[in-house]
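Visitor: Chain R is already provided as a structure; the job is to place chain C on it using the hints.
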Amino acid sequence: MSDNEALLAYVTRLGDNALILSQRMIEVVAQYPELEEELANANFALDYIGQARLFYSLAAKLEGKDRNEDDFAFLRDGHEYRNVLLLEQPNGHFGDMMAREFLFESFYLLQLEALQQCDAPGVAEIAARAVKEIRYHLRHVSQWVVRLGDGTEESHARMQQAIDDHWQFTGELFAADDIDTAFTEQYSGPNLELIRDQWHDNVAAVLNEATLTKPADEWMAAGGKQGRHSEYLGFLLAEMQHLQRSHPGATW
Amino acid sequence: MSNKEWPLYEVFIRSKAGLSHRHAGSIHAADDQMALNNARDTYTRRSEGVSLWVVRSSAIVASDPAETAAFFEPAEDKIYRHPTFYKIPEGVENL
Numbered sequence: 001m002s003d004n005e006a007l008l009a010y011v012t013r014l015g016d017n018a019l020i021l022s023q024r025m026i027e028v029v030a031q032y033p034e035l036e037e038e039l040a041n042a043n044f045a046l047d048y049i050g051q052a053r054l055f056y057s058l059a060a061k062l063e064g065k066d067r068n069e070d071d072f073a074f075l076r077d078g079h080e081y082r083n084v085l086l087l088e089q090p091n092g093h094f095g096d097m098m099a100r101e102f103l104f105e106s107f108y109l110l111q112l113e114a115l116q117q118c119d120a121p122g123v124a125e126i127a128a129r130a131v132k133e134i135r136y137h138l139r140h141v142s143q144w145v146v147r148l149g150d151g152t153e154e155s156h157a158r159m160q161q162a163i164d165d166h167w168q169f170t171g172e173l174f175a176a177d178d179i180d181t182a183f184t185e186q187y188s189g190p191n192l193e194l195i196r197d198q199w200h201d202n203v204a205a206v207l208n209e210a211t212l213t214k215p216a217d218e219w220m221a222a223g224g225k226q227g228r229h230s231e232y233l234g235f236l237l238a239e240m241q242h243l244q245r246s247h248p249g250a251t252w
Numbered sequence: 001m002s003n004k005e006w007p008l009y010e011v012f013i014r015s016k017a018g019l020s021h022r023h024a025g026s027i028h029a030a031d032d033q034m035a036l037n038n039a040r041d042t043y044t045r046r047s048e049g050v051s052l053w054v055v056r057s058s059a060i061v062a063s064d065p066a067e068t069a070a071f072f073e074p075a076e077d078k079i080y081r082h083p084t085f086y087k088i089p090e091g092v093e094n095l
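Residue numbers (this note's numbering), protein chains in the order written: chain R, 1 to 252; chain C, 1 to 95.
Think of the hints as simulated: they come from the structure by calculation, not from any bench. Each residue gets a CB set at the ideal place from its N, CA and C atoms; glycine is no exception. Be aware that a few hints might be false.
What the hints assert, rightly or not - Sample of chain C residues facing chain R (criterion: CB under 8 Å; computed from the structure): (1) Ser26; (2) Ile27; (3) His28.
If we strip away everything but chain R, and leave its shape as in the complex, we get (with noise of 0.2 Å):
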């Protein structure tokens, strides 16, 4: 693999994670009891839409075939989407989500603290942006898994469910192949090791302000960021893509 590829599909997928994730919390706008939490989840995805575009429009200038952001968005398919599996997963209730971006952000904030330093073009100019972003999602976020974990009966217990079903899909987070490791060792990337040490020890810090119980690592979903993904992907894509595929080059 040249080094071009690697920092290529590495940049990419910093850009999936970004678009499906704000894709997810987009299908619940305008949906949420409360209007400070409603602003608070439209103003998170956009944050991730604008990463995306950053990452985007990085990844079609180093692959210099003439595609530009909205190619990489609307025109792929699930196959070559290289998200992890952890942010495909279906909504489920607020807890889920509480659950699902406070793990991922978790391990994100420190993959984006170590990409400020990477040598790689590009790359550590978008993450210094995009941490002062995250940090403040995972603050809002943390605070509400110990709001709900440490709340009543019945919120301890959703929460926890929440947290144990999403358990499954944290281990892809630091399993290192082969684009992982050629662009750490060419750009002086993160080091997913390190950095899994770091979450698991930030995760329950959180976890255990919350009286939550941190799971234990057993089985660990994977495939993601090879592009074998789940059937939720495809429902995922087919509503976001739908404009751009029935009306190619469509504007407004």
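Guide: Below, chain C without anything else, positioned relative to chain R:
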């Protein structure tokens, strides 16, 4: 599930260093920490501020609209309290 309304908070924003905080509006939140987050998410999306205060609306002591006359009208006919009787020296700009 309870449908109890969250308490109301008033939000004050300092738009830039050196200015004072100004009332921006109000939000609902379950406690102080959530109020700060909700104020951030509701009122500073377009870079309106560099500092936020939130305070429970119930903690604010307000003047009674029925007493407006007693409170404020006595000041109206005391024009000598305004600095309108000074002559502006010639040649002074930017006053």
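Visitor: Evaluate each hint against the coordinates.
Guide: To see whether the hints hold, each was checked on the structure:
1. Ser26: 10 Å, violated
2. Ile27: Holds: closest Cβ of chain R sits about 5 Å from C:Ile27, inside 8 Å.
3. His28: Given a least distance of 6 Å, the restraint on C:His28 holds.
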